[in-house]
Amino acid sequence: MHKEIIADYANVQELAQQLKLSEAAYRRAMTLAGLVPDQTSWLRHIDRFLIALGALLIVAGILAFFAWNWADLSHLTKFALVEGGIVGAAVLAWRFGLDTIAGRVSLLTAAILTGTLLAVFGQAYQTGADPYGLFLTWALLILPWAIIGRQTGIWMLLQILLNLTLIMYYTQVLYPPDGWWQLSQLFGPLVWLGTTVMDSTLASYLFVLNVIALLIWEFGSYRGVSWMRGILFPRVIAFIAFSTVLLPTLVIIVAAGFEEQIRLSVVSPTLLLIATGAALYYYQYRRHDLFILTCSLLGVIMVITAFFIRHMMSGSGSLLFLALLLIAQVASAAWWLRQIALRWETRS
Amino acid sequence: MSGSTVTLNHIVNNLRAENLLSTEDDALDYLENRPNLQPWYIRTMVGFGAWLASLLLIGFIASITLMFDGGYIFIGAALIVCAILVRQRSDRDFLVQCALASSLAGQALVAYGFADIAGHGEFEIFLGFALVISSALFFLFPDRIHRVIMVLLATGSLTTLLYHWEANALVPLLGPALTGILIILHNRMPTLVAGRHSELLHPLMSGLMLSAFGTLLLSTAYLLPELEADFLFYPRPWISTILLGLLFIYLGRLIWPIVANTEDTKSLLLPYGIMIVIITCAWYAPGLLLGLIVMLLGTHSGRVTFTGAGIGFFILFLTAFFYGIEVSLLTKSITLVATGITLLLSRWIILKVILTDERQGGS
Numbered sequence: 001m002h003k004e005i006i007a008d009y010a011n012v013q014e015l016a017q018q019l020k021l022s023e024a025a026y027r028r029a030m031t032l033a034g035l036v037p038d039q040t041s042w043l044r045h046i047d048r049f050l051i052a053l054g055a056l057l058i059v060a061g062i063l064a065f066f067a068w069n070w071a072d073l074s075h076l077t078k079f080a081l082v083e084g085g086i087v088g089a090a091v092l093a094w095r096f097g098l099d100t101i102a103g104r105v106s107l108l109t110a111a112i113l114t115g116t117l118l119a120v121f122g123q124a125y126q127t128g129a130d131p132y133g134l135f136l137t138w139a140l141l142i143l144p145w146a147i148i149g150r151q152t153g154i155w156m157l158l159q160i161l162l163n164l165t166l167i168m169y170y171t172q173v174l175y176p177p178d179g180w181w182q183l184s185q186l187f188g189p190l191v192w193l194g195t196t197v198m199d200s201t202l203a204s205y206l207f208v209l210n211v212i213a214l215l216i217w218e219f220g221s222y223r224g225v226s227w228m229r230g231i232l233f234p235r236v237i238a239f240i241a242f243s244t245v246l247l248p249t250l251v252i253i254v255a256a257g258f259e260e261q262i263r264l265s266v267v268s269p270t271l272l273l274i275a276t277g278a279a280l281y282y283y284q285y286r287r288h289d290l291f292i293l294t295c296s297l298l299g300v301i302m303v304i305t306a307f308f309i310r311h312m313m314s315g316s317g318s319l320l321f322l323a324l325l326l327i328a329q330v331a332s333a334a335w336w337l338r339q340i341a342l343r344w345e346t347r348s
Numbered sequence: 349m350s351g352s353t354v355t356l357n358h359i360v361n362n363l364r365a366e367n368l369l370s371t372e373d374d375a376l377d378y379l380e381n382r383p384n385l386q387p388w389y390i391r392t393m394v395g396f397g398a399w400l401a402s403l404l405l406i407g408f409i410a411s412i413t414l415m416f417d418g419g420y421i422f423i424g425a426a427l428i429v430c431a432i433l434v435r436q437r438s439d440r441d442f443l444v445q446c447a448l449a450s451s452l453a454g455q456a457l458v459a460y461g462f463a464d465i466a467g468h469g470e471f472e473i474f475l476g477f478a479l480v481i482s483s484a485l486f487f488l489f490p491d492r493i494h495r496v497i498m499v500l501l502a503t504g505s506l507t508t509l510l511y512h513w514e515a516n517a518l519v520p521l522l523g524p525a526l527t528g529i530l531i532i533l534h535n536r537m538p539t540l541v542a543g544r545h546s547e548l549l550h551p552l553m554s555g556l557m558l559s560a561f562g563t564l565l566l567s568t569a570y571l572l573p574e575l576e577a578d579f580l581f582y583p584r585p586w587i588s589t590i591l592l593g594l595l596f597i598y599l600g601r602l603i604w605p606i607v608a609n610t611e612d613t614k615s616l617l618l619p620y621g622i623m624i625v626i627i628t629c630a631w632y633a634p635g636l637l638l639g640l641i642v643m644l645l646g647t648h649s650g651r652v653t654f655t656g657a658g659i660g661f662f663i664l665f666l667t668a669f670f671y672g673i674e675v676s677l678l679t680k681s682i683t684l685v686a687t688g689i690t691l692l693l694s695r696w697i698i699l700k701v702i703l704t705d706e707r708q709g710g711s
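Protein chains in written order, with our numbering: chain A, 1 to 348; chain B, 349 to 711.
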């Protein structure tokens, strides 16, 4: 009895290489595997890709237009343009239906344009409100669409907005940044966002926020909610959750002594430990996901390596030791992941 | 078309039935003992680990005082040779990792050693050597991850050399050139696989794709005018747009005859016209065309990683393009909205007009 192996691209290439297939046999194998698109397949791809990419570019273009802040354009015209876009996109979503790709993209477009409307409002009336208010209001306004839309895209947007709200509230209301933190803003918003999670307390709040979202999603998936069965949302959220506690843990290990920041040092490493243990169990035995297992192991490797860098760096010999340690860890991780994949394959 | 339900057994059985397999025993044996392939994220982790370990190895060797001239070259070459021998003889994870890290460290040491001996123009020699050695090791070192890294190293060295020679004007040609090679390999894939070049082909294609991405991202990089007024990172990005546009149109022949179900040139004028409009709209943003090309190649070969990479690069380029200062926000806005509307119109035209014509022709 042979193993039942899915004929995806990588497996067919491996088959062709190992069995030394002729050109004709290779072409036939690709066709049999369904990897050569026919008319129906091309049309399906065109339908999906072009509508998603087209909508993405238009939304980005609208954002760029309002960021340009054309002074000659009256407030009324600006509002009319954005609100017209929102209403138009919502009507299209209704007309196409929320279960079609066109309907989903239209609703997501309306959700993104809602944020543009809030930004234009702030631009026009100089409300002076803190940015966290914009993100929170945006999240609250699109919540009904997220509930009725039943799609990953809007929930992902909502989760990003909640993360931004928390970061903005923490850094602009509770603990405004000082010292080198402010310097990081010079390197752009993405770098600045990355540096904010080096604050262990904020990172812990973000971790909790993302883990709650992940748990809700996994529960929905477990209960058989069809639109929650995708792998993208849990993977992205799990990655963010890991990163929020991994970065401060590495900073604590490498840059600060435990005795210097005792309150902060305990939180992130503890959460990281719990998250790693839980992920290694859940995604190995309950819901198979090699990607999240890989992320968990990568975190473990980084922590162990950072620990040895901090405590064993003396003389040139330590560099050789660290290199071998790193190689051993990565090789063990790759071997273990392969065993896991084999075990899943055998059981299925 | 869906590859999700078909199994390798099904394919092998069909090939046997159609007498397309030369040795049936080998096929049965392969299905029984097939090794488990690693997904891309595990390969990325392994590659990252090897790269980091190689840096530590370099640090270790560099910290040892070498008492004779050419010491770095000697140790570097020894590391590379050992790495190749180990990798040729073993598939064990630990040894594979050691070999990867040793090879990367060895290359850096040999390149530095040569530059050290030459004494002048060190940077040029370092890069030139990196280019040559990475090209040679692409063939010599039998490992997929290593081969991808070698392609990246070679193209990275070449790009840096162009800047070093102040040949910035050639940089916009690089991305389209790499993409052109990628398309040639894609077209010749069945022949190359049948010619037993599969082991080289796939890492080469992955490396070329990533290199093209990197090169096109340079078009969004900028230096503040106050810092370096005369330096142009990516002069005349429209050159890339034109060249990538030509490749994009060339790729149209993969889709349109199938979608429109005709080879008639007249009937295909409309879809090619749409492509030209997309190219014109994306004049300031050549990366958008590259994203579309890679998506197209991925879809055409059922290679999901390419399709995903194309989408990922499209979004990444869009973000980088948004933050660049070479073009005003108004121009960016017009570029993005116009390209977006063209894509939506293309979808409508393809799904409605072409199919309607076909139906009418059929009836």
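Bear in mind the hints are in silico, worked out from the structure with no lab data behind them. Positions of the beta carbon are idealized from the N, C-alpha and C atoms, including for glycine. Possibly wrong hints are sitting among the right ones.
Claimed, not checked - Selected chain B positions facing chain A (in silico; Cβ < 10 angstroms):
#, residue
1, His358
2, Leu405
3, Ala425
4, Ala453
5, Gly476
6, Leu479
7, His534
8, Asn535
9, Leu558
10, Gly562
11, Arg584
12, Lys614
13, Ser615
14, Phe669
15, Tyr671
16, Leu693
Hints, one by one, checked against the model:
1. Annotation: interface hint on His358 (chain B) holds; nearest CB of chain A at approximately 7 angstroms, less than 10 angstroms.
2. A hinted interface residue such as Leu405 (chain B) counts as satisfied when its beta carbon comes closer than 10 angstroms to some beta carbon of chain A; here the least separation is about 5 angstroms, so the hint holds.
3. For Ala425 (chain B), the shortest C-beta to C-beta distance to chain A is roughly 19 angstroms, which exceeds 10 angstroms, and the interface hint is violated.
4. Because the closest C-beta pair between Ala453 (chain B) and chain A is about 8 angstroms apart, less than 10 angstroms, the hint holds.
5. Evaluation of the Gly476 (chain B) hint against chain A yields a violated restraint, the C-beta minimum of about 27 angstroms exceeding 10 angstroms.
6. Nearest Cβ of chain A to the Cβ of Leu479 (chain B): about 26 angstroms, over the 10 angstroms cut. The hint is violated.
7. Interface restraint check: His534 (chain B) against chain A, minimum CB-CB distance 13 angstroms, threshold 10 angstroms, status violated.
8. A cut of 10 angstroms between beta carbons decides the hint on Asn535 (chain B): the least distance to chain A is about 13 angstroms, and the hint is violated.
9. Residue-level restraint check for Leu558 (chain B) is violated (minimum Cβ-Cβ distance to chain A is 17 angstroms; threshold 10 angstroms).
10. Taking 10 angstroms as the C-beta cut-off, the interface hint given for Gly562 (chain B) is violated, the closest approach to chain A being about 18 angstroms.
11. The interface hint given for Arg584 (chain B) is broken, as the beta carbon of that residue sits about 22 angstroms from the closest beta carbon of chain A, more than 10 angstroms.
12. Using the Cβ-Cβ criterion of 10 angstroms, the hint placing Lys614 (chain B) at the interface with chain A is not satisfied: the shortest such distance is roughly 19 angstroms.
13. Look at Ser615 (chain B): its Cβ only gets to about 14 angstroms from chain A, farther than 10 angstroms, so that hint breaks.
14. Interface restraint check for Phe669 (chain B): the shortest CB-CB distance to chain A comes to about 9 angstroms, inside 10 angstroms, so the restraint holds.
15. Against a cut-off of 10 angstroms between C-beta atoms, the interface hint on Tyr671 (chain B) holds, since the closest Cβ of chain A lies about 7 angstroms away.
16. A hinted interface residue such as Leu693 (chain B) counts as satisfied when its beta carbon comes closer than 10 angstroms to some beta carbon of chain A; here the least separation is about 8 angstroms, so the hint holds.
Against the hints set out earlier in the document, violations occur for numbers 3, 5, 6, 7, 8, 9, 10, 11, 12 and 13.
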